[in-house]
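If you read the sequences in order, they're chains A and B. The opening residue of the first sequence carries number 1 in the numbering used here; numbering runs sequentially from there. The opening residue of the second sequence carries number 176 in the numbering used here; numbering runs sequentially from there.
Read the hints as simulated data drawn from the structure, not as lab findings. Glycine included, C-beta positions come from ideal geometry on N, C-alpha and C. Check before you lean on any hint, since a few could be wrong.
As the list claims (entries may be wrong) - One side only, chain B facing chain A, incomplete, derived with CB under 7 Å: (1) L178; (2) V238; (3) A311.
Stated by the list, open to error - To be clear about the criterion: a stretch of chain B counts as covered by chain A if any three or more of its residues have a C-beta under 8 Å from a C-beta of chain A, and this derived list gives those stretches: (4) 179 to 188; (5) 213 to 220; (6) 223 to 236; (7) 256 to 265; (8) 272 to 283.
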Amino acid sequence: MAERLPAGACPWIDPSAFIAANAVLAGAVAVGPLASVWYGAILEGRDAAVSVGAGSSVQDRAVARGLPGQPVWIAEDVTIGHCAQLLGCRVERGAVVGLNATVLPGAVIGAGSLVAAGAVVPAGLVVPPGMLVAGNPATIKRPLSGRALQWQAKAAEDYQRLSRQYLARRFTPRR
Amino acid sequence: MILEPFDGHWPTVAPDAEVAETAVLVGKVTVAARARIGHGVVLRADIQRIRIGEGAWVQENVVMHTADDADTVVGPEAVVEAGAVLEGCMVGRGARIGARAAVLNYATVGDGARVVAGAVVAERQQVPAGATVAGAPARLLDEDPAARAGLDG
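Model the full structure from these sequences, guided by the hints.
Here it is as structure tokens:
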């Protein structure tokens, strides 16, 4: 039987992380130093934990949902693109999950790998480090190289810089 | 709507545009007259500009951002269906981007073109005016009406 987390579990956010005004963090969620969670993103940690490592970004409207017994583990310097969906899976250091991609339960995205935009990574697929994954259902295409590799390496750094600028803003909200 | 500045720039919304209460607009965003922005939309112009043309319709949960060096422009009377994602790209007048489709950096969708639901228009890809594309990466759809059956909705 699936066990739910204690009702009291609540998010832990490093003070140096940026959390957008309308992001939702529920239950056992941890967001590490210099990480960022963007507008409309949802980290749902009430059934199992969701962890966002140092320097990682979860972009606008992305969803990460822990499933009973299958937490979501996002390591350091990871980029989760706009509207991506992560269900009970692991994304290792420096990997990129493209916009609108889906990663199903039990899948592991290896360090520095790139999941193409719109790809659907099947449940339990283990992607070795440094690979390009694409398609629906997604398959491992080839080792990353050339422009994709450069872009992937830059993605986390760009968002770390951007989130610092957001944290430095001072304004009176308008609606 | 939720408006936030970035780098000193506030979004500007035409008086007769309609922006839903839960939409988020950040930075250099311009929404022209008669445009409609749905619930849950995020228009985040913190690097370059986002411009929504006159009478365009941006439906629920659409997310737009920009490239490092390219604006995102949605032409007049264009429709961006629910859950679509646009990066720094140009969408022509009267074009239609299907639900949960994506248009990546530096791509162009011509006037009146159609991107089918769930398609991914690749970086730098050009969709000709009036064409229909489908799939990931997006490919021109055969003009054979039978091949297009079931895609209109």
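task = Return the numbers of the hints above that this structure violates; sort them in rising order.
result = Hint 6 contradicted; others consistent.
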